[in-house]
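Number of protein chains: 2
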Amino acid sequence: MSFAAPSYAFAAPFQTPAASPIRSLMAYAMRPGSISMAGGYPAQELFDVEGLTIASTQVLARLGGCLQYSDIDGQASLKNELARLSAERGVVCDPGTELAVTGGSQQALALVSRVMLQPGDHAFIESPAFPNSVQALRYTGATVHPVASGPQGIDLEQLDEMAGRIRPKMVCVVASFSNPCGATISRERRLRLLELAVKHQFLIVEDDPYGELRFAGEHVPPIAALADGQARQWAVYISTMSKTMAPSLRIGWLVAPAEVRRRCVGAKAADDMASSAWVQEIVAQYLANGRYHEHVPRIRAAYGLRCDALAQALHKHLDGRVTFIKPEGGMFFWARLNGQADATRLLPYAIEQGVVYVPGKAFYADPAQADPHAMRLSFATMNESLIAQGIERLARALDACEANAPVSVSLAA
Amino acid sequence: MSFAAPSYAFAAPFQTPAASPIRSLMAYAMRPGSISMAGGYPAQELFDVEGLTIASTQVLARLGGCLQYSDIDGQASLKNELARLSAERGVVCDPGTELAVTGGSQQALALVSRVMLQPGDHAFIESPAFPNSVQALRYTGATVHPVASGPQGIDLEQLDEMAGRIRPKMVCVVASFSNPCGATISRERRLRLLELAVKHQFLIVEDDPYGELRFAGEHVPPIAALADGQARQWAVYISTMSKTMAPSLRIGWLVAPAEVRRRCVGAKAADDMASSAWVQEIVAQYLANGRYHEHVPRIRAAYGLRCDALAQALHKHLDGRVTFIKPEGGMFFWARLNGQADATRLLPYAIEQGVVYVPGKAFYADPAQADPHAMRLSFATMNESLIAQGIERLARALDACEANAPVSVSLAA
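Protein chains in written order, with the working numbering: chain A, 409 to 821; chain B, 409 to 821.
Please note that the accuracy of each hint is not assured.
[Said to hold, decoys possible] Chain A stretches covered by chain B per the calculated footprint, using a threshold of three residues with CB under 8 Å from any CB of chain B:
| no. | stretch |
| --- | --- |
| 1 | 468–479 |
| 2 | 483–489 |
| 3 | 510–520 |
| 4 | 535–545 |
| 5 | 702–713 |
| 6 | 756–769 |
[As the list claims (entries may be wrong)] Examples of chain A residues toward chain B, derived with CB under 10 Å:
| no. | residue |
| --- | --- |
| 7 | A556 |
| 8 | D568 |
| 9 | A682 |
Hints are computed from structural coordinates only; laboratory data are not their basis.
We put the CB at the ideal spot given by N, CA and C, even for glycine.
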């Protein structure tokens, strides 16, 4: 006997689950022979397996002491290491009252969102942005307003005007090498953003997964590192080990004013009690071993070469047909098709040719504002030769698309 | 120059962070020579360090393949093992559509709460209950109503009456060896609870951390295992490795109707992207190695002896002065002082004597309903001799308390 599923009365943000256009591309990206510029994944072959194995083996020798329930805000060993690392980036904090370990930067953002936002509240996020960041804000029931972002990062004129009108509680940015744009906010504009935070009394939540992956240009400190006086009360800094150590650790952290951080820890108690103390000890040991500072320059150097290769290939095979600004760090190019073809129409041709990217529209909180000609190209996961080959394929795909050639691949809308 | 902290406009559930009366006792519980019956921790000396080391070493040999971003709902290896384990408990499910790996059972409860509840909604939880479970419900902004629970578990008459009136979306219970009561709901009453779920259209969320730790009496299947027909659509089962393998793994799981589970996975994407694939592989390997089924009987046997020792000591040293029902599994006794002394007034005397417990009132969602004479005594973390000694100390503390003797310890209210 079978029964029809009842109509569950889900909470409003979950009534119609959002599809994940990026995840749905993964099947194509994983096809043998396919060159994927679609993922937001770091380069797997660059993971420091040896260093992690050493740290893990050291922790195994004292495993009996790492298995019990642990402090919600994180292991003391790791909090101290992360406070040191944050201070090196200019974000000085007290690990006991201003820092907490989280399940990646995603959980850090989710926790801050949850303690600040409820239905009827407003939050701003740069647009385009990483869809899971938008979701973390939306799932609180608050209204999320996109603020246009370009090569300079978030539009501060628009932000100022909108903030005066809408009174957001939070403004979320990836200030260095943003996902998907690869854009970096300059020091002057970061200072201006801090002024706006004080003026409009909103928390700036800076997600900084890529900041250490600068391979060109001049260093710019995190926003929280530039905050003085009152502005310090409005700056939250979050970061992660996912792009420098490994995503599967699920270790990130937040640095926030004590009153905000205390509530985030309370939220985490009800969310998952703590991040794995075992894994935290491995990460702390890895940092204490000095492997982190040995390893990050390797990633930075490799990504720099890959970024150069992508820029060269775009010049060589698609000169005049795409526009882009070469990023100075991180993992992503934001490219724009100059012609009639839009990135969604091009995609099946690209897949047919064996190359995959993410159409830009996947990154707009408001689809009506999406730039149909934009695309995100990741250069992190392929070597230079594959990158060149991928862009050659993309050029062939664009030829076919512009010629309105028949195409064998059909994608769900 | 220093600035006063601004008044942040926190979301309503976070405006006044809840204190954790249990955590605040830990300082006393950790004092050298102190006997703690306060924690909800499993016995540390029983962790299968050898088995976990073996599994971890096996995973280290293939670590390079366990470091990348992974599926939100869990590693296939672990989902299959957990589906098998759930099926052994009578909860048969499709690991692809009805099961998801979570950050302990705490995250499972938080995810279900979040997809179901929003401000204006209602949820029921048995009372007394684990405070973090109450918080997971409250943090959604929904109203949480306690339903009285006793030696038989949740009061089904009261539940039926309240459900007709209040229309809750969720009802949360620990059906086997509850925390703090040690109570188990009988098979007949589980079936009746399923009828009520269909009648009132609420999800039963059964948190089952202790079900395998039965050392006396007759096995009762989980509620979801007893659900037939329409009732299956209203039964959610959640469990954890925290009490059988180790809390610091932070690995739990949920089994839910596909429509509910799908949204929980969407919520998890925005919460923490996934649980650590590395740890998931260790847990899957441990299960595949057969260590789990070898190890759980050891915990069960040890806890059975400790439970007996606690019952004997209560008879010997506090006969007639406390009332209790001996649990058939799990980790907790719920005891009630028969005389004038209440459990909060007794506590400083107990700490002075070197024994710590949690006053029962910490477990009531509505403090006005709290039984001031109740206390939770954990028997999990001490051997039989320490348990006997702890209760001897408690008896001395009760003498001093009833005699209104001066006491050196002073606790915050």
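Coverage of the stretch 468–479 of chain A by chain B, judged on three or more residues with CB within 8 Å: holds (count 8)
Take the stretch 483–489 of chain A, compare each residue's beta carbon with every beta carbon of chain B, and decide whether three or more fall closer than 8 Å. With 0 residues in contact (Cβ-Cβ under 8 Å with chain B), the coverage given for the stretch 483–489 of chain A is violated.
Grab the minimum C-beta distance from A/A682 to chain B and call the hint holds if it beats 10 Å, violated otherwise. Holds, about 7 Å.
Cut-off 8 Å, C-beta pairs, minimum 3 residues; does the coverage of the stretch 535–545 of chain A by chain B stand? holds (count 3)
Per-stretch coverage check for the stretch 756–769 of chain A, three Cβ contacts closer than 8 Å to chain B: Since three or more residues must qualify, the claim that chain B covers the stretch 756–769 of chain A is violated, with 0 doing so at under 8 Å.
Mind taking a look at whether chain B covers the stretch 702–713 of chain A? Criterion is 3 or more residues with CB to CB distance under 8 Å. violated (count 0)
For the hint on A/A556, does the least C-beta distance to chain B fall short of 10 Å? violated (23 Å)
Restraint satisfaction for A/D568 [CB to CB of chain B, less than 10 Å]: violated (19 Å)
Checking C-beta pairs, does the stretch 510–520 of chain A have three or more residues closer than 8 Å to chain B? Held - the stretch 510–520 of chain A has 6 residues with a Cβ nearer than 8 Å to chain B, which meets the minimum of three.
When held up to the earlier numbered hints, the structure conflicts with 2, 5, 6, 7, 8 and fits the remainder.
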